[in-house]
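Colleague: The chain contents come next:
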Amino acid sequence: MTEDQVKQIVVDIIAEIAPDEDTSNIKPEINLRDQLDLDSMDFLDIVMELRKQHNIEVPEADYPELASLATCAAYLTPKFNA
Amino acid sequence: MHKSRIVITGVGLTSPNGNTLEEYRKNLLAGVAGVQIIDMRYMGKVPAGVCNFDPKKYQTRKELRVGTRAGSIAVYSAHEAINNSGLDFENFDKSRIGVYVGTTEHGNVETENEVYNISKFDYDTRFWTHHHNPRTVANNPAGEITINMGITGPHYTIGAACAAGNAGLIQALQMLRLGEVDVALAGGVSESIQSFGIFAGFKSQGALGTHETDPNKTSRPFDKTRDGIVVSEGGAIYVLERLEDAQARGANIIAEIVGYRINSDAGDYVLPDPVRQAECMHAALKVAGMEPGDVDIVNTHATSTPMGDIQECQAIREVFSDCPTTYINNTKSYIGHCMGAAGALELAGNLPSFKDNIIHPTINVEDLDPECALPNLVINEPLKVDAVKVILNNSFGMLGINSALIVRKFED
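As they're listed, the protein sequences go chains U and Z. According to our numbering, the first sequence is numbered sequentially starting from 3. According to our numbering, the second sequence is numbered sequentially starting from 957.
Among the clues, some could well be false.
[As the list claims (entries may be wrong)] Reference excerpt, derived from the structure (chain Z facing chain U, CB under 8 Å, subset only):
#1 1016
#2 1021
#3 1086
[Stated by the list, open to error] Think about it this way: if two alpha-carbon atoms lie no more than 25 Å apart in a straight line, the pair counts; the simulated SDA-like pairs of lysine to any residue are:
#4 Z:1365 to Z:1250
#5 Z:1076 to U:19
#6 U:54 to Z:1076
#7 U:54 to Z:1070
#8 Z:959 to Z:1239
#9 U:29 to U:64
#10 U:9 to U:68
#11 Z:1018 to U:27
#12 Z:1013 to U:17
#13 U:9 to U:36
#14 Z:959 to Z:1345
#15 Z:959 to Z:1248
#16 Z:1018 to U:37
#17 Z:1311 to Z:987
#18 U:54 to Z:1092
#19 Z:1076 to Z:1156
#20 Z:1018 to U:14
#21 Z:1076 to U:37
#22 Z:1345 to Z:1199
#23 U:54 to Z:1086
#24 U:54 to Z:1159
#25 Z:1018 to U:19
#26 Z:1018 to U:13
#27 U:54 to Z:1019
#28 U:81 to Z:1086
#29 U:54 to Z:1072
#30 U:9 to Z:1021
#31 U:54 to Z:1156
#32 U:54 to Z:1068
#33 U:54 to Z:1078
#34 U:54 to Z:1239
#35 U:54 to Z:1084
#36 Z:1012 to U:45
#37 Z:1018 to U:18
Bear in mind the hints are in silico, worked out from the structure with no lab data behind them. What you are looking at is a predicted structure, and each value in this text was computed from that prediction instead of being measured. Backbone N, C-alpha and C fix where the C-beta goes; we use that ideal spot for every residue, glycine too.
Produce the entire structure from the sequences given, and follow the hints as far as they go.
Modeller: Written out as structure tokens, the structure is:
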């Protein structure tokens, strides 16, 4: 799986958990919370959906890796390909 | 202590047969019920009262995803009440608004959903949602109102079984009299139709209503063939104010709360006690400074159970035995049992009687049970009378909680 595919997976999850947000133009290098109305509970939702939909675990210590689409892709892609 | 007069200046509601007071009242006078068959997890098809308000009218999609159905019903009803009140909400001091919402229970729906959810993951609790606790804390429906509307005054729910709607209003009245708040949003809500446990519990008690052909005839208080409750969702939230504040802003005053009482049977967990129910009504009348004959409408709690209806009728006979102008009706025959919302919703359906002097009937009585044959029971057809000035609203619940609320047509 490529990093672009992983980014799309994360965007799809964000679209589910933040249905009022426009997810069509998320900038990969900018923190998600700086461009979308997401709170800490939403990030827990992202973690839960990764677990439910893709059987991927994100330990609490690694939550900062989910800050932006770019960091998500860098952190998650090896997990998807493991 | 000086007791301020407390008035109702706004009503917002959603019921299984109407999403505004106007629509609801129209259907109560036209005999239009709102019960349908739903598919309930583990139960199969059951009759239920379902509300069809537009939840997105006042909530974002995210709020709806994160919150609860009870919260959504509460938010909708609260907005409608504020709109109806004409209060300048935007410029009102939000720290002086209190939110007091009656609930029969809260959290069953959300817990059942999560147990079902993790059952799909071999009961691995890693899949249990972090939303569970904020969804299931008992103050959830009231708290969702404050979050959605930016209200920073006190909020909590009042757990009072099926007397909760009245209890919410009584709590608000007391907080207004204490000067804790200047405006109260109060009433009751229920999301019970999403909990299989509520249905299964009533079924195990032998108290879940059925009808062979027509769900709208399932709830039939006082009918000889009645066999139980229809579980419903719904909500009714009122704007309450001290009279002087309401008059100062030129509010439209819908009614005044003049009497109330909550008491306890101190007896059985589920079976009602007509002696205590009668005591409750007498005590509410005493607070109002009224005699039984001063009451024009008694809106019964009767839930369409074989024993409960008879016992309430016994209590009403004891209190209103010699009251030729006191009429008796019931609203659950249209909307089922809206649990925590029941008292508040049923009161709302009768408030327009102060204007139109029409008493809505109880419907679905094809064969009146002689034990429920109260004098002046308004059956199947609306009744026009000379004047309606006082309504007594009964709501009773499990663990032996009784409530009676008396409202009067406003006269300065």
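Colleague: Quick check: which numbered hints come out false for this structure?
Modeller: Structure breaks hints 21, 24, 31, 34.
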